[in-house]
Structures are given as structure tokens and as C-alpha cells.
Amino acid sequence: MALEPAVTDLEQLKSHPEVASLLAWNQRAVEGAKFDRQELSIYLERTALRAACNVLRADPALQYDALSDVTCVDWFPRDPRFEVIYHLFSTVTKKRVRLKVRLSDADASVDSLTPIWPGANYFEREVYDLFGVRFDEHPNLKRIMMPDNWEGHPLRRDYPVEGYR
Amino acid sequence: MAEMTPTPVLDAATDQPLIINMGPQHPSTHGVLRLLLEIDGETVVRMMPDIGYLHTGIEKTCEAKFYQQVVPMTDRIDYLCPMTNNLAYCLAVEKLLGLEIPPRGQWLRVMLNELTRINSHLVWLGTHAMDIGAMTVFLYCFRERENILRLFEAVSGQRMMTSYFRIGGVALEPPLDFFGGVKAFNDTFPEKIDEYEGLLTQNPIFVNRLKGVAHISREDALVLAATGPTLRASGVDVDLRRDAPYSGYENFQFKVPVSDAGDVYARYLVRVAELRESQKLVKQALEGIPEGSVKADAPKVVLPDREKMKTEMEALIYHFKIVTEGFTVPEGEVYQAIESPRGEMGYYVVSDGTAKPYRVHMRSPSFANLQALPKMCEGRLIADVVAAIGSIDIVLGDCDR
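Residue numbers (this note's numbering), protein chains in the order written: chain A, 263 to 427; chain B, 343 to 743.
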């Protein structure tokens, strides 16, 4: 199977019900979208994240009722530096969608999804621990992998693989 | 004589809850899991899992390796199902490359994956039953597991850290009579499952110990990100092998065991039923395995055969290039989830167009399933915590990565 070029045009991507549903709810919340390798990613405005998840969850045609994963990618030295990535899964339609929020180094914080999915708790703690991205309204935002007195966030790109010496 | 201190009087009114520490060296916490338990008498009021003791920074290390060098690291994440991890990673990179695997390679992957599932479930069944107090089952399970490990050794040279799957296929054609060995194991396996079930399923001590214990509702399991048998035992019918087929699973017929009970006993029944389904899948894979190559025809990605490398100039150049400078992967990102014995094992791989992955993230089922544990245990007896830990089948290497 040959690779097809990624589609990033919002007009074209309206054929995906996820994009259409979010655009119908709030045009300004959607910063962009990408369909690449049969996977749909939607870039969201950071304050709209939680509400957008609620929209995708409540829409009877979509029913994204499970949060599979939360992670982050550090694009240092680009700005905005962080991309927090959410993978939603529907146990009804068995479809997946990827939501992305871009965050700059100066204010790396985003709303926690724990009020919707309590299962976001550990994933967000992991991202906080390893990237230093803060999640507002998280019930217990502490380090989870590294010791509590650890300095720095190991998965950042400017953190050396061998650690600081 | 010095004045004696008065004996302290226990006063029920000023009685405080007690915080106790379970693990990280507790034998029934299946690895280095530490649980902080706030108990009131025999009842668990609150539970807080504390993990990270096995964190080795695999995700960080992956960023410094070539794509093909990451495969051996994935074995070490979930050491009970190395092939499942290999497969998830290889599928993710193959999706990034747009690489198609020949049918024989896919079939072989399915067969080994189901053997891995049986292997993992046998360790779970043995240790879980031992936690409950049934020692014999443990010995029986490890007897069969030994046979599977021998098959893994025959095919890959390693019993546990197999690293047999490669980006673009599998490492080698399996040795002579490997399929005979698999068939011999597989044909006798159903009666072994009968043997385990004969010891446990109707055993009144076992049933009373598990039924109604550590219950979790469908809604709670779903929002707490539980997956796999833990979720299916609460009545959510999701199995990625059937719902999002990968590696040719769409060509196989199997049932997905589901239960509505949501307790430890239901999770036991679901996993034992999965053992039987996996046995059938191995049978189908054995009977229908196609002829052909086990590797994709992609000389820039897949290492050439040894013989070719020694006799053909072109193959030697490709070999040299792959080993010394890796192969580049087109820019992009992929999330590939597969059904591991514990649940959804997802690999999120980001490529920036170079020969090393920009980011590899593993969504491990043990890490997510652990969040359901406090919900299962809070308000219940402390003795049931052991049964609950066994029932989510946690592997701490998978959890901490």
C-alpha cells in the first residue's frame, strides 16, 4: 500500500462527522485537522478542549465514550513547544479520533479531563511528570514515575538521554 | 521502683483509621507494586497505588535508537507477552512506512501472538490461583507454559525476550518441525484447560472466595480507562482483534467472551474462555498458513538473507546501510492499538523523517487498568485486595516502562 498525502484542508475534512460535529458546535474551537494514514487528528484551541470532548461524547452519531490515551510530544525549540495528544475511542462505533492541543513553554497548562473521564488521572500525571505540562483541576497532580524530589522533566527534548551529570 | 506507665486504653470513640503499606515486596502484588491502604478494622477505606519502581525510561531511550533497534526494547516492557509488544511496535512503524506484510508473515504473527496470549494467561492463572491458595494449579500452568517457551526458543533462540518480529515481517522462517511442535502442544491443550477448570471453576472454596468480590460496574470500568478482560468482564463487548483487525485477524473466526457480573470470578471465567479461543485461533493459523515469504519485499527496510548478503553486491550494500545508518521513515504519526492479554496495548510513534523515531509512546494496559483497582477495593475487606490485584492481571514492567 502506497502512502497517500495527508489531507489538511478543513473544507475537505468536513466529510468526517467528528470534524463536522465540532465545527457545527464552535467554529473557533477547531484550529485545524489532518487526515493521514487513515487516522484523523483535530487541533483544538486549548480552552475548548474539555467542552469539545463533551461534544464528541454526547453526539449520538459519534459516542466517543472512552479515553484511550493521553500523551505529549515536545517539539523543542519550535514554539508552541508542546503538543498534548488525546486518543478517544468509541466502544459503540469502534472508531478512533486524535485530539491535539498546542501549548507554549511559558504557559504549559491545559484543562484536565478527569471530570469527564476519571481514567485520565494517571495519564495526565505521567505527562506532568515527564514533560512538565500542568493540568488544571487535576485532583492529584504529582509525579508518578520519577521520585518526588526529581529535578527536570526527562522526556523533554532538551533533557539529555543519559540525564544531567 | 519507677512508676509504671499505665496501660493505654483503647477507646472506640477516638479510634483512628490505620494506614498500612502493602508492597513493594509483597509476594501477591505481582512485581513491585506498592499500595497505601487506609483501613478501618478489616475494611479498606481508601487505596492509593504507588508505582514507578520499575521505571526505566524506555520511551526516552527509544528516541536515541534507530527504528529497528527499538524492537528488543519492546520485549522488556511487558515481559509476559513480548511478541504482542513486538507486533504493536512493528505494525505502527509499518503503517508509517506504508509497508505490506506477506500473508505467511501475518499468519505466523497471529499464531505466535495467540501462543503468547496463552503463555501470559497461564502465568496469570497460576499466580492468581496461588494467591487464592490453590498451589497445584500453579504447577500445572507452568508445566504447559514451559512447552510454549520451548517453542519460542525454537523459533527465536530466546525463551522470554524473543524479539522475533521485525519491521517488515519476522526475523527468519521458523525451523523445521516448528509447526509440528505447535500442533502437538495445541492438540493436547484443551484437555489441560479442562484440568485447570476441574480444579477451580466449581471448587466451592475458590468460588466463594471470588464471587461478588471486587465488583466494578460497566460505567466505572469504562470511564476509568480499563480495557481487555477487565472491561469485558464488566459487560463491555470490545475486542480490538475483532473490532479493529490488524495483521490479518479478519480472516479468523473466534468468539469474544463477555460477562456482565463484573467481579473477580467473571474476570476468571472470561480469561479461561479466552484460553480456549486462543487455542482455536492457533489451530486455524496452523491449518491455513499460506506459502510464501515471511518478510516484505522492501530491501531498504528489511535486512537481506544471510546467503544473499554474502553473494550479492547489492544486498551487501543494503545490509551495510541498514545496520550503520538505519532507514528513514516518512514524516507523520501513527497510533496502533492491539489487543494484548491485558487489554489495549497502543503504540504512538511520531516520525520527523529521520532514521530515529522522534517519539515513541506506549499506552500500556496495566497502567490504565490499575486505576480501576481502588474502585474495586474501597469499602471491601482487606483480604479481598489480593484477589483483586490478581484479577486485573497486572505486570509492573508494563505499567512503569
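Everything labelled a hint here was simulated from the structure, so no lab data went into it.
Fair warning: this is a prediction, and the values are worked out from it, not measured in the lab.
Built from N, CA and C at the ideal position, the CB exists for glycine as well.
Be a bit skeptical, because a hint or two may be false.
Below, in silico cross-link-like pairs of lysine-lysine (BS3-like), each with a Cα-Cα straight-line distance of 25 Å or less [stated by the list, open to error]:
1) A/Lys404 / B/Lys717
2) A/Lys404 / B/Lys407
3) B/Lys534 / B/Lys622
4) B/Lys534 / A/Lys356
5) A/Lys362 / A/Lys404
Covered, in the sense of this in silico footprint (three residues per stretch, anywhere, with C-beta under 8 Å from a C-beta of chain A), are these stretches of chain B [said to hold, decoys possible]:
6) 392-399
7) 403-416
8) 516-528
9) 649-655
10) 673-681
Between beta-carbon pairs, the in silico distance windows are [claimed, not checked]:
11) A/Asp367 / B/Thr696: 41 to 51 Å
12) A/Asp420 / B/Phe662: 27 to 37 Å
13) B/Gly695 / A/Asp367: 16 to 26 Å
14) A/Glu266 / B/Phe484: 46 to 56 Å
15) B/Pro672 / A/Leu272: 48 to 58 Å
16) A/Asp420 / B/Pro672: 20 to 30 Å
17) B/Ile547 / A/Lys356: 55 to 65 Å
Holds or violated: A/Lys404 with B/Lys407, Cα cutoff 25 Å? Judged against 25 Å, a Cα distance of about 30 Å means the pair is violated.
Between the alpha carbons of B/Lys534 and B/Lys622, is the straight-line distance 25 Å or under? holds (14 Å)
Note whether the CB distance of B/Pro672 and A/Leu272 lies within 48 to 58 Å or breaks it. Given a distance of about 23 Å, which is not inside 48 to 58 Å, the answer is violated.
In terms of beta carbon proximity below 8 Å, does the stretch 649-655 of chain B have 3 or more residues touching chain A? violated (count 0)
Would you mind confirming whether the straight-line C-alpha gap from A/Lys404 to B/Lys717 stays at or under 25 Å? holds (20 Å)
CB of B/Ile547 to CB of A/Lys356, is that within 55 to 65 Å? violated (40 Å)
Given coverage of the stretch 673-681 of chain B by chain A, tested with a Cβ cutoff of 8 Å and a minimum of 3 residues: holds (count 5)
Could you tell me whether the CB distance from A/Asp420 to B/Pro672 stays inside 20 to 30 Å? Holds, since A/Asp420 and B/Pro672 (Cβ atoms, about 26 Å apart) stay within the stated range.
Holds or violated: are the alpha carbons of A/Lys362 and A/Lys404 at most 25 Å from each other? With Cα atoms ~23 Å apart, A/Lys362 and A/Lys404 stay inside 25 Å; holds.
That 16 to 26 Å hint for B/Gly695 and A/Asp367 (C-beta), does it hold up? At 24 Å between Cβs, range holds.
Evaluate the given range 27 to 37 Å for the C-beta pair formed by A/Asp420 and B/Phe662. Check passed, 33 Å falls within 27 to 37 Å.
Coverage criterion applied to the stretch 403-416 of chain B (partner chain A; beta-carbon cut 8 Å; 3 residues): Since 3 is at least three, the answer is holds.
Violation of the numbered hints given earlier is confined to hints 2, 4, 8, 9, 11, 15, 17; the remaining hints are satisfied by the structure.
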